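Engineer: The primary structure of each chain is shown beneath.
Protein chains: 2
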Amino acid sequence: MQFELTKDFIDEIINAIENANDDFLIEKLHSLHPVDIAEVMRIVNLPQAQYIYRLLGEELSSEVLVEIEEDIREKFLESLSAEEIAESLEKMYADDATDVIQDLPENIQEEVLEAIKDDEHSSEISMLLNFDEDSAGGIMDVDFISANWNWTVANALAKFREQVEEVDHVYTIYVVDAQKRLKGTLSLKRFLYASDETLIKDIFQKDPISVGVDEEAETVASKMEKYDLVVIPVVDASGKLLGRITIDDALDVIKEEAEKDYQMASGISEKVESSDSLFVISRARLPWLLIGMLGGILGAYVIGFFEGYITEHAVMASFIPLILAMGGNVGVQSSAIIVQSLANNTLNYDSITKKLLKELFVALFNGLICSAIALVFCWVTKSDFNLALTIGVSLVAVFTYAGLFGTFVPLILNKYNVDPALATGPFITTTNDVVGLLIYFLIGWALYF
Amino acid sequence: MQFELTKDFIDEIINAIENANDDFLIEKLHSLHPVDIAEVMRIVNLPQAQYIYRLLGEELSSEVLVEIEEDIREKFLESLSAEEIAESLEKMYADDATDVIQDLPENIQEEVLEAIKDDEHSSEISMLLNFDEDSAGGIMDVDFISANWNWTVANALAKFREQVEEVDHVYTIYVVDAQKRLKGTLSLKRFLYASDETLIKDIFQKDPISVGVDEEAETVASKMEKYDLVVIPVVDASGKLLGRITIDDALDVIKEEAEKDYQMASGISEKVESSDSLFVISRARLPWLLIGMLGGILGAYVIGFFEGYITEHAVMASFIPLILAMGGNVGVQSSAIIVQSLANNTLNYDSITKKLLKELFVALFNGLICSAIALVFCWVTKSDFNLALTIGVSLVAVFTYAGLFGTFVPLILNKYNVDPALATGPFITTTNDVVGLLIYFLIGWALYF
Chain A
0 MQFELTKDFI DEIINAIENA NDDFLIEKLH SLHPVDIAEV MRIVNLPQAQ YIYRLLGEEL
60 SSEVLVEIEE DIREKFLESL SAEEIAESLE KMYADDATDV IQDLPENIQE EVLEAIKDDE
120 HSSEISMLLN FDEDSAGGIM DVDFISANWN WTVANALAKF REQVEEVDHV YTIYVVDAQK
180 RLKGTLSLKR FLYASDETLI KDIFQKDPIS VGVDEEAETV ASKMEKYDLV VIPVVDASGK
240 LLGRITIDDA LDVIKEEAEK DYQMASGISE KVESSDSLFV ISRARLPWLL IGMLGGILGA
300 YVIGFFEGYI TEHAVMASFI PLILAMGGNV GVQSSAIIVQ SLANNTLNYD SITKKLLKEL
360 FVALFNGLIC SAIALVFCWV TKSDFNLALT IGVSLVAVFT YAGLFGTFVP LILNKYNVDP
420 ALATGPFITT TNDVVGLLIY FLIGWALYF
Chain B
0 MQFELTKDFI DEIINAIENA NDDFLIEKLH SLHPVDIAEV MRIVNLPQAQ YIYRLLGEEL
60 SSEVLVEIEE DIREKFLESL SAEEIAESLE KMYADDATDV IQDLPENIQE EVLEAIKDDE
120 HSSEISMLLN FDEDSAGGIM DVDFISANWN WTVANALAKF REQVEEVDHV YTIYVVDAQK
180 RLKGTLSLKR FLYASDETLI KDIFQKDPIS VGVDEEAETV ASKMEKYDLV VIPVVDASGK
240 LLGRITIDDA LDVIKEEAEK DYQMASGISE KVESSDSLFV ISRARLPWLL IGMLGGILGA
300 YVIGFFEGYI TEHAVMASFI PLILAMGGNV GVQSSAIIVQ SLANNTLNYD SITKKLLKEL
360 FVALFNGLIC SAIALVFCWV TKSDFNLALT IGVSLVAVFT YAGLFGTFVP LILNKYNVDP
420 ALATGPFITT TNDVVGLLIY FLIGWALYF
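Respectively, the protein sequence lines represent chains A and B. In terms of numbering that gives the first Met the number 0, the first sequence opens at residue 0 and continues consecutively. In terms of numbering that gives the first Met the number 0, the second sequence opens at residue 0 and continues consecutively.
Note that these hints are calculated values from the structure, not bench results. Treat the hints with care, since some could be wrong.
What the hints assert, rightly or not - Here are the simulated BS3-like pairs of lysine-lysine, each with C-alpha atoms no more than 30 angstroms apart in a straight line:
| hint | chain 1 | residue 1 | chain 2 | residue 2 |
| --- | --- | --- | --- | --- |
| 1 | A | Lys259 | B | Lys90 |
| 2 | B | Lys74 | B | Lys205 |
| 3 | A | Lys188 | B | Lys270 |
| 4 | B | Lys74 | B | Lys270 |
| 5 | B | Lys90 | A | Lys225 |
| 6 | B | Lys225 | A | Lys225 |
| 7 | A | Lys158 | A | Lys6 |
| 8 | B | Lys90 | B | Lys179 |
| 9 | B | Lys205 | A | Lys158 |
What the hints assert, rightly or not - If you want the footprint, here are the derived chain B segments under chain A, 3+ residues with CB under 8 angstroms:
| hint | segment |
| --- | --- |
| 10 | 15 to 27 |
| 11 | 197 to 205 |
| 12 | 270 to 284 |
| 13 | 332 to 341 |
| 14 | 423 to 432 |
A quick note: this is a predicted structure, and the numbers were derived from the prediction, not measured. Built from N, CA and C at the ideal position, the CB exists for glycine as well.
All chains, please: the whole structure from these sequences, using the hints.
Structural biologist: Shown next as structure tokens:
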């Protein structure tokens, strides 16, 4: 199944929908992976997507419903009765069903839960609904294979045959005590080699890496990433095994976090995609633009204060963009390095003072190089040594300020448990604009005017 | 094993090293996961890390060597003989051994390969060394469990007992034909339920999702992510099963890509961490600063051209920062959305014209809001309607230009297979600075001077 979604394929599908060519559509769609059907439904418009959905049949439609994007899914669910939704949920694993049911208004959630015929399934979903979406409990699934440590190998094999019915991928066999408390894992290797009468207790591996059900999803994801885990068991406060988290769910958390940081650094305040509506995209972009406006207006006040001098020395205005660009770039660079190191836990244990000292040297090093270029350029082209000196000294000062500020702010935010990514992008550039201008004109006032 | 690395723990370790308290160190270190030992070794200095490494013993030291960061590992390897390295490699899986040996100079690579006693192991490593590091072959491992489709269930179980010896985690059992060509996968569920005489041929699942050995690592990673796969088989051109890629290796690729994009957007030209040396960090940051310098100098020329007017209307200089900030922010926002959509394959099939049209509306929408605020502010505070009009019109023009340029450049780069992330950050802001100034002063010239 090496399928690639092309524009031609989409055109074929849309064409078939318009001509109500159901046989063709059914044949094409059933040859696709549910993930690809969900993607086709994302690209076509809503009525077309609904047309496709109706052709999928019970089994496939519930598989596609799991994969479909949240905002499209919500609209589908609106057009279905509680009984129809319940029927789809019965075919899903409890964690997938929970993700779907979470999109519904609370009163309909209850209706749907009551309409689910399998009581165990509906109570599993109810339990999962109680956990915070961003916690380990919110991303775990409750289907796994476990062995009581008092079982024999032969006994365990028989029990696995029953349990495996409910589980999609096995990955790891967990070992629990009589109270269902997690004790360890069973290696397939040792299991396959052991004699029928061996007790699980005598061949299992102790001390598995596990997470508490209330731990943050982000913590879980970085733990799985750090230890290269494909699956991690989830326990409650008493150590009882509740479920497991597979790496695909953790991967979603990791990606979302990285994208959020990138968007924040780019001045976008809520997660958007290029396919979102005009209004959603505009709204996500407006807040930082308004902050930028405020910065620009404050900058106007700073420069306005020196307006008299500019009338005499208009050349000072020419170098405003240079000063602003360098302050902005240095600030973004230094904050990005800190934010990324914080996100990856690769920050070392140096004190904040030591980190600032290091940034001071980097800023001075690059600042002196850039300053020397600017100084020579100014002197040669404008034949005005005092102006050249003003630009050169201002650049070093702005580099130093911007580098230190860009390092300090995310470290301080992190110390007080505020997301350091807030400090990146427009915030740093806006602040640096205002302070940079102040530095530039004060130095100009001292050395030039 | 719920270990968290604290500053106190590191201090204890460093203290023990300084006092040569080997017993204490051995006890502490052997209670840690190899990943955590590698992390301790990253945080302490090199001689301290070497001290720790010598205390680990053969088994653990080779496990730690796999987990250790590349630049520290290189230095360790320098102090070891080819025989010592070979001994460590023999205890590793072939793909891990390949990662380690890749850090060595080529002549030493050969020496080490010859020193490996297990011929099969050394030829596996040699084979893996031939693949491009950024291809499927470069990140796959060659240990997996497979069944010939002509085997019976009983026969397969016996063979699995032999194969499992070599494999760390099983995840999936692959089904191959007599020529070792990948035919499908074997579900544990159906295997456990089948009678001893059933042929694998009659119970396996056809058409597994697989990747070619030469496919780019990035393509593999996004395929695994899209289909929620924990492991994916790798085949050669004839369909022969060569190896498998597990999600932890794909995750590294995904993270690295996201980090590269973020760093490019922040004007950092090579991957650095806050713990890197002053010189490395300065060097990574200097290129974009020099480009920023160039932009600033071009900006100075643009403004210099209007110097005569500024002498008369110094107030025009006051609003330079506002114009620059808004052009920069809009450009970064629009390019970030496109770059991220391209990276996630969530771009829809609209033509470039349609995407530009959409950005035009977003830019106009936000531009008119910001422009109205600026116009009223200017008019009220400066009582100068022509100046207010100039600022207002300039802002709308700059928003439009910056939004369209920020959308267009990454789309075009992507079309010609250049990394669109190149278009973000300093490149967009630098270009927008120069063009934004030109727009501002030309509109000022038409409406105000």
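Engineer: Against this structure, judge whether each hint is valid.
Structural biologist: Here is how each hint holds up against the structure:
Straight-line distance between C-alpha atoms of Lys259 (chain A) and Lys90 (chain B) comes to about 40 angstroms, which puts the hinted pair past the 30 angstroms bound. A hinted pair counts as satisfied when its Cα atoms are at most 30 angstroms apart, and Lys74 (chain B) with Lys205 (chain B) does not qualify at roughly 47 angstroms. Proposed proximity of Lys188 (chain A) and Lys270 (chain B) is contradicted: the alpha carbons are some 40 angstroms apart, above 30 angstroms. For the hint linking Lys74 (chain B) to Lys270 (chain B), the alpha-carbon distance of about 19 angstroms falls within 30 angstroms, and the restraint holds.
Proximity of Lys90 (chain B) to Lys225 (chain A) is assessed by CA-CA distance (about 21 angstroms); at most 30 angstroms being required, the pair is judged to hold. A hinted pair counts as satisfied when its Cα atoms are at most 30 angstroms apart, and Lys225 (chain B) with Lys225 (chain A) qualifies at roughly 22 angstroms. The straight-line distance between the Cα atoms of Lys158 (chain A) and Lys6 (chain A) is roughly 49 angstroms, outside the 30 angstroms bound, and the hint therefore fails. Between Lys90 (chain B) and Lys179 (chain B), the direct Cα distance comes to roughly 27 angstroms. Compliance with the 30 angstroms bound is thereby established for this hinted pair.
At most 30 angstroms may separate the alpha-carbon atoms for a hinted pair to count; Lys205 (chain B) and Lys158 (chain A) meet this at roughly 28 angstroms. Only when three residues or more bring their CB closer than 8 angstroms to a CB of chain A does the claim for the segment 15 to 27 of chain B stand; here the count is 0, and the claim is violated. Evaluation of the coverage hint for the segment 197 to 205 of chain B: breached, as 0 residues show C-beta separations to chain A shorter than 8 angstroms, against a requirement of three. Restraint check on the segment 270 to 284 of chain B versus chain A: 8 residues with Cβ-Cβ distances below 8 angstroms, three needed, restraint holds.
Counting residues of the segment 332 to 341 of chain B whose C-beta lies closer than 8 angstroms to any C-beta of chain A gives 7; at least three are required, and the coverage claim holds. Remark: the segment 423 to 432 of chain B is confirmed as covered by chain A, as 6 of its residues place a Cβ nearer than 8 angstroms to a Cβ of that chain, reaching the required three.
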